[in-house]
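Undergrad: First to last, the protein sequences are chains A and B.
Take 28 as the starting number for the first sequence in our numbering and just add one per residue.
Take 84 as the starting number for the second sequence in our numbering and just add one per residue.
There's no promise every hint is true.
[Claimed, not checked] Here are some chain A residues the structure puts well away from chain B; computed CB gaps all over 12 Å:
hint : residue
1    : PHE38
2    : THR45
3    : VAL46
4    : LEU73
5    : GLY81
6    : GLY85
7    : ASP109
8    : THR131
9    : GLY132
[To be verified] Stretch by stretch, here's where chain A covers chain B in the computed footprint (C-beta under 8 Å, at least three residues):
hint : segment
10   : 128–142
11   : 190–197
Keep in mind the hints are simulated off the structure, nothing from the lab.
We put the beta carbon where it would ideally sit given N, CA and C, even for glycine.
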Amino acid sequence: RKEVEQDPGPFNVPEGATVAFNCTYSNSASQSFFWYRQDCRKEPKLLMSVYSSGNEDGRFTAQLNRASQYISLLIRDSKLSDSATYLCVVNTATSGTYKYIFGTGTRLKVLA
Amino acid sequence: DTAVSQTPKYLVTQMGNDKSIKCEQNLGHDTMYWYKQDSKKFLKIMFSYNNKELIINETVPNRFSPKSPDKAHLNLHINSLELGDSAVYFCASSQDLNRESDEQFFGPGTRLTVL
């Protein structure tokens, strides 16, 4: 089983739609969680951190379920500019050192 | 102005050659990383350095040798390049390896093609 798993997509949605991505992780000792966004042929950039209580940033909502070991990202009112690959990232301590583990990403295409 | 910069942006070379990629960050961060993103877009950590000290080496072939002359620079030298080394290599930095919530800042990537 991969350490961090995501549905690769692509998710093709019309503008204005609501879309949700899930990500599961295998190490129950994982400490912190993030969603990064990667545009085509560009570097990944932090979209938002994911907190246990859930957090929202404008049209984006991230949630963490430690019991089931999954993270979700909800995008409301999708814009064309949201088209990108969304990477789930889990930070896990191994022998006292934190290591960032990336999922393979979920590709989103927002269609006009 | 660029936070994390890498050179070169593109690198095309023949099998068997030796090449280097350079990375610099001006964020004052203690920790730097090299990642490899293959054709399937999977981003996998190769190395991390904290204050010039190697912390993580993810079973990368010893043809890959990172070097950190100071904490703002982390270079990657690759010997005897193979076809399978073709990928995009990203450098990244974060404030401190031992802080779990630190954001990572990525460079623009170096697209390596081995012919």
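Undergrad: Hint by hint, work out which the structure violates, then give me just those numbers in ascending order.
TA: Per hint list: 4, 8, 9 violated.
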